[in-house]
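Undergrad: Those protein sequence lines, which keep their order, are chains A and B. Using this note's numbering, you'd call the opening residue of the first sequence number 1 and step up by one each time. Using this note's numbering, you'd call the opening residue of the second sequence number 1 and step up by one each time.
Keep in mind that a hint or two might mislead.
As the list claims (entries may be wrong) - Derived list of chain B stretches under chain A, where covered just means 3 residues or more per stretch with a C-beta under 8 Å from a C-beta of chain A: (1) 28-39; (2) 128-137; (3) 192-198.
What the hints assert, rightly or not - Restraint ranges, calculated between C-beta atoms of paired labels, are given here: (4) 67/B x 72/A: 46 to 52 Å; (5) 145/A x 168/B: 55 to 61 Å; (6) 135/B x 92/A: 36 to 42 Å; (7) 126/A x 72/B: 37 to 43 Å; (8) 39/A x 123/B: 31 to 37 Å; (9) 68/A x 4/B: 35 to 41 Å; (10) 39/A x 133/B: 20 to 26 Å; (11) 7/B x 209/A: 49 to 55 Å; (12) 166/A x 67/B: 39 to 45 Å; (13) 91/A x 68/B: 24 to 30 Å; (14) 6/A x 209/B: 49 to 55 Å; (15) 78/A x 88/B: 26 to 32 Å.
To be verified - Example chain B residues on the side facing chain A (calculated, C-beta under 8 Å, incomplete): (16) 23; (17) 46; (18) 49; (19) 98; (20) 201; (21) 202.
If you're looking for bench data, these hints aren't it; they were derived computationally from the structure. Backbone N, C-alpha and C fix where the C-beta goes; we use that ideal spot for every residue, glycine too.
Number of protein chains: 2
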Amino acid sequence: MAVSYVESPSPSFLFDLDGTLIDSVYQHVIAWRAALSAIGIDLSVWRIHRRIGMSGGLFVSALLRETGRTLSKDDIDRLQLAHAEQYRAQVDGVTALPGARELLGFLTDADVPWAIATSGYAATARPALGLLGLAEDTPMVTRDLVRHAKPDPDLFLAAAAVLGVEARHAFVVGDSVWDLLAARRAGALGVGLLSGGYGREELERAGAYRVYADPAEMLARIDELGVRPLRPMILVTQGEVRHRTACSGGFRQHFVRESFAAAPLRASRD
Amino acid sequence: MAVSYVESPSPSFLFDLDGTLIDSVYQHVIAWRAALSAIGIDLSVWRIHRRIGMSGGLFVSALLRETGRTLSKDDIDRLQLAHAEQYRAQVDGVTALPGARELLGFLTDADVPWAIATSGYAATARPALGLLGLAEDTPMVTRDLVRHAKPDPDLFLAAAAVLGVEARHAFVVGDSVWDLLAARRAGALGVGLLSGGYGREELERAGAYRVYADPAEMLARIDELGVRPLRPMILVTQGEVRHRTACSGGFRQHFVRESFAAAPLRASRD
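With these hints in hand, go ahead and build the complete structure from the sequences.
TA: As structure tokens, then:
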């Protein structure tokens with residue numbers, strides 16, 4: 001008996017930037033520590049780390065609540081500028097995370113829609129495109145384009161809109177609890193990466209569907225997220241039938257040995 | 001019927017330094033990142049963070065295993081020096097963690113033995129005594145005084161010996177998984193602090209008896225660790241009986257209201 005049901009569409013991916021695609025979290029943490037200290041706010045560094053990834057405004061509010069201090073709007077603006085300056089002083093040490101370029105390249109080649117959604121401002125975030133070898137017109141939503149940042153869902157909802165997909169059919173990929181909470185508020189599933197320095201259990205408890213070490217491990221296990229080769233091709237070499245996806249990464253090559261004199265060369269849907 | 005048994009002695013405390021008493025972990029992480037990068041080893045920063053607190057030698061070996069590189073003894077010595085230099089450049093941002101001075105002062109005043117046991121070398125570690133307001137002759141065991149560092153138990157066994165106590169009657173207090181593993185190998189109970197930036201569950205899974213945010217929270221909950229006032233005194237003021245410990249911190253004041261015209265002023269064992 002055939003059962004009739006509506007298939008889910010293939011997933012799309014909405015990526016956080018810092019700690020998810022580029023290795024910049026610890027430099028941001030130290031930059032915030034220096035900026036706060038300069039105005040007489042001495043917060044333990046781990047508390048700053050646990051707030052990174054929130055919107056700048058929420059982040060500062062949360063930290064001030066813990067210290068019992070209040071700051072004017074001007075103070076907060078100055079703090080943001082001081083942080084940006086301190087971060088620029090450390091940015092030479094920032095690189096792409098292992099597998100980040102390959103993961104994005106794989107998704108592109110497999111026709112899987114993806115975008116970047118970051119709590120950072122365009123001025124700080126756009127230079128990361130170069131680190132990742134991405135074009136200037138890569139779909140990216142920054143803090144300045146939405147009303148509220150994480151853990152509000154706005155950044156991910158906007159990124160889904162840019163792609164023309166529904167957030168509930170997207171995976172949000174992020175390194176922090178705030179990404180995963182924002183994912184749930186956007187109705188998306190969250191994937192956690194350890195590369196921002198948070199513990200696996202923190203991410204699982206915030207609702208992560210899966211947790212991987214970094215983009216490289218996520219790519220190696222991309223099958224767990226329902227990404228399937230869209231344009232598999234069968235290549236014949238020396239009596240072997242190779243089912244190879246259309247993607248260039250080479251991570252999804254599957255070899256099927258068969259005694260086959262001359263297999264037909266064709267492309268088909270899986 | 002009276003039951004005869006051997007009481008446990010009052011506990012003593014063996015403290016890790018970085019991330020446990022002083023807020024230096026993130027600066028060490030960034031310093032290692034810069035030192036490794038200078039010799040062409042590009043490791044994700046979170047992986048360095050997860051190795052901090054091991055002995056320098058083990059730490060570098062573990063990281064090299066992950067990268068598949070090998071280094072000579074000379075290379076490793078140069079790396080240690082480069083790290084020390086990078087750390088010195090950041091040391092101005094390092095402060096005592098909240099409650100660290102008060103916790104140590106409380107233990108001293110309550111006649112509870114304690115010592116510091118750190119994987120750091122004396123040259124880097126001794127300046128921390130000043131940050132903590134401690135005398136130069138504070139019991140402290142550094143890397144140069146023992147054969148193996150954490151997660152081997154040597155540092156904590158040596159610190160217990162310095163105090164003339166048995167490790168099995170001591171609490172090891174540390175921020176990293178390596179402290180807690182070394183505690184278990186020393187036969188001691190481990191207390192985890194979140195102030196080094198690791199997740200609560202990582203510390204619990206490594207065997208922590210209790211996990212606190214930082215030294216301030218540990219002090220507020222010191223009863224959970226079996227520390228009792230050694231010299232309680234009953235002070236009488238205005239018809240109230242105040243049971244007050246001999247310690248100066250004021251964190252363990254308990255007030256018992258009673259209608260008491262003139263209570264006898266006396267000191268007694270609890």
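Undergrad: Indicate, hint by hint, whether the structure satisfies it.
TA: Here's how the hints hold up against the structure:
Coverage of the stretch 28-39 of chain B by chain A holds in this model, with 5 residues showing a Cβ closer than 8 Å to a Cβ of that chain against a need of three. Counting residues of the stretch 128-137 of chain B whose beta-carbon sits less than 8 Å from any beta-carbon of chain A gives 0, not enough to reach three: the coverage restraint is violated. Counting residues of the stretch 192-198 of chain B whose CB lies closer than 8 Å to any CB of chain A gives 5, which reaches the minimum of 3, so the coverage claim holds. The hinted window of 46 to 52 Å between residue 67/B and residue 72/A holds, with their beta carbons roughly 48 Å apart.
Take residue 145/A and residue 168/B: their Cβ atoms lie about 59 Å apart, and the range 55 to 61 Å holds. At roughly 41 Å, the beta-carbon separation of residue 135/B and residue 92/A lies within the given 36 to 42 Å, and the hint holds. The hint said 37 to 43 Å for the Cβ distance between residue 126/A and residue 72/B, and at roughly 42 Å that hint holds. Roughly 32 Å separates the CB atoms of residue 39/A and residue 123/B, a value that falls within the hinted 31 to 37 Å.
Checked against the hint of 35 to 41 Å, the pair residue 68/A and residue 4/B fails, with Cβ atoms roughly 52 Å apart. Roughly 25 Å separates the CB atoms of residue 39/A and residue 133/B, a value that falls within the hinted 20 to 26 Å. Restraint check, residue 7/B to residue 209/A: a C-beta distance of roughly 51 Å satisfies the suggested window 49 to 55 Å. Under the hint 39 to 45 Å, the C-beta atoms of residue 166/A and residue 67/B, about 41 Å apart, fit the expected range.
Taken as a hint, the range 24 to 30 Å holds for the pair residue 91/A and residue 68/B, whose Cβ atoms sit roughly 28 Å apart. In this structure the hint that residue 6/A and residue 209/B lie 49 to 55 Å apart at CB holds, the actual value being about 52 Å. Between residue 78/A and residue 88/B the CB atoms are about 29 Å apart, so this pair conforms to the stated range of 26 to 32 Å. Interface hint at residue 23/B: satisfied, since its Cβ lies 5 Å from the closest Cβ of chain A, which is below the 8 Å cut-off.
Satisfaction of the interface hint for residue 46/B is found here, the shortest Cβ-Cβ separation to chain A being roughly 4 Å, below the 8 Å cut-off. A cut of 8 Å between beta carbons decides the hint on residue 49/B: the least distance to chain A is about 5 Å, and the hint holds. The beta carbon of residue 98/B is positioned within 8 Å of a beta carbon in chain A (closest approach about 6 Å), and the interface hint is therefore held. Satisfaction of the interface hint for residue 201/B is found here, the shortest Cβ-Cβ separation to chain A being roughly 3 Å, below the 8 Å cut-off.
For the restraint placing residue 202/B at the interface with chain A, the shortest Cβ-Cβ distance is roughly 5 Å, inside the 8 Å limit, so the hint holds.
When held up to the earlier numbered hints, the structure conflicts with 2 and 9 and fits the remainder.
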